[in-house]
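Engineer: Heads up: the protein sequence lines correspond to chains A and B, in order.
Numbering of the first sequence is given in our numbering, commencing with residue 1 and proceeding in unit increments.
Numbering of the second sequence is given in our numbering, commencing with residue 1 and proceeding in unit increments.
Nothing false has been slipped in among the hints.
30 angstroms max Cα-Cα, derived DSSO-like pairs, lysine-lysine:
(1) B:26 x B:127
(2) B:104 x A:159
(3) A:230 x B:71
Since the hints were derived computationally from the structure, they do not count as laboratory data.
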Amino acid sequence: MSNEIKINETILDFPTVFSKDDILRVINNLPIAVAVIDADLKLVLANRMVSIFVNKKDNQLVGLVSGAALGCIHHEDAPEGCGFGKECSKCKLRMTVNDTFENTKGHFQVETAMTFKSIGRRHLRITTQPFQLQKRTAVLLSIEDVTNAKNYERAKIEKEKLTAVVRTAGAICHEINQPLMVILGFSELLIDEIAHGQIQEENVKEIRDQAQRLAEITNKLMAITQYKTKMYLSSEILDLDAASSINISDPNPDKEKE
Amino acid sequence: MMENKKILIVDDESPILRLLSQVFTKAGYEVFTAESGRDALKIIEENNIMVMFFDLNMPVMNGMELCKSVKSIKPMSIIYAITGYASLFELSECLDVGFEDYFKKPVNVSTLLKTAESAFEKVNRWKKM
Chain A
1 MSNEIKINET ILDFPTVFSK DDILRVINNL PIAVAVIDAD LKLVLANRMV SIFVNKKDNQ
61 LVGLVSGAAL GCIHHEDAPE GCGFGKECSK CKLRMTVNDT FENTKGHFQV ETAMTFKSIG
121 RRHLRITTQP FQLQKRTAVL LSIEDVTNAK NYERAKIEKE KLTAVVRTAG AICHEINQPL
181 MVILGFSELL IDEIAHGQIQ EENVKEIRDQ AQRLAEITNK LMAITQYKTK MYLSSEILDL
241 DAASSINISD PNPDKEKE
Chain B
1 MMENKKILIV DDESPILRLL SQVFTKAGYE VFTAESGRDA LKIIEENNIM VMFFDLNMPV
61 MNGMELCKSV KSIKPMSIIY AITGYASLFE LSECLDVGFE DYFKKPVNVS TLLKTAESAF
121 EKVNRWKKM
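When you get a sec, could you build the whole thing from the sequences and use the hints?
Structural biologist: Have a look at this one:
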């Protein structure tokens, strides 16, 4: 048997046995938390990033069931330990690792949230891969802490929602305050006219027309089907006419008939 | 005396112009109205008007731009902004471009009358200096 490498072959195409130190050397320099888990769900190996992530030394991690090793707040819920508590049945980390063992098939970037004793609630992305270690199946688990990215994403969505609310509020103020001012102003004039016994019919009609305009604005608000904005001075407000499925070209259709 | 009591109202909403025109006319002012900035500038050119009320959101030339133009040709004029909606940033900008003060619609007509009265008192004080 020759050890000569043929075309399309690499050194990894030959039977290879990795030692514990070999694996540790490879995973230690990875920028995310990586651990090797055995069939009892115990941590066999953990890289430097796992220690940094849960703020524990290497010897406080290896040999413990994953929840206890990582410091999950639920690992002591039941006297039997990690995996037996009420919350453990919902634990996605446990489910993902178990499934990887059962089906010998990995999972890619499964999202979950976990609360740890040392670092509180974190949003995680879990990836698993089964492999043979000392003739037994083990799982290579990588944990990506995406809490900051999730928080940024949530803050961004909140900001976008707030912007939309402010723009809608702006449109409501702009649309409603115009007729409201006319109604209030002509009402004040009307009170004065009543006192002097000289009521101007046009002013009363204006109050009615503007009240009608208010009703049309609320109808349009109820028929908003899309988010369209327009410039208002240096800011933007919701474009009520474009956003609503109701489009009334003549705000006072009865006015001409009188 | 009437020469001192001219008021210009600029708003693209004709019912608002009709309302304020009646309110100020009843109070003894000579009222000029314009639905656009361009019409307003023409009126200002032809008449000696010192007190004005501008809507902020108008097409083509908005109230801020109009105020800037008027202040460049009539720096002693007293101009108020009336707006249906404006952010705090825009309201502070109002003072920067030369507005004396601003009012948010709906504004009480008696508030506007008091404002006009104190504006003319100010104009008369300046004239005596």
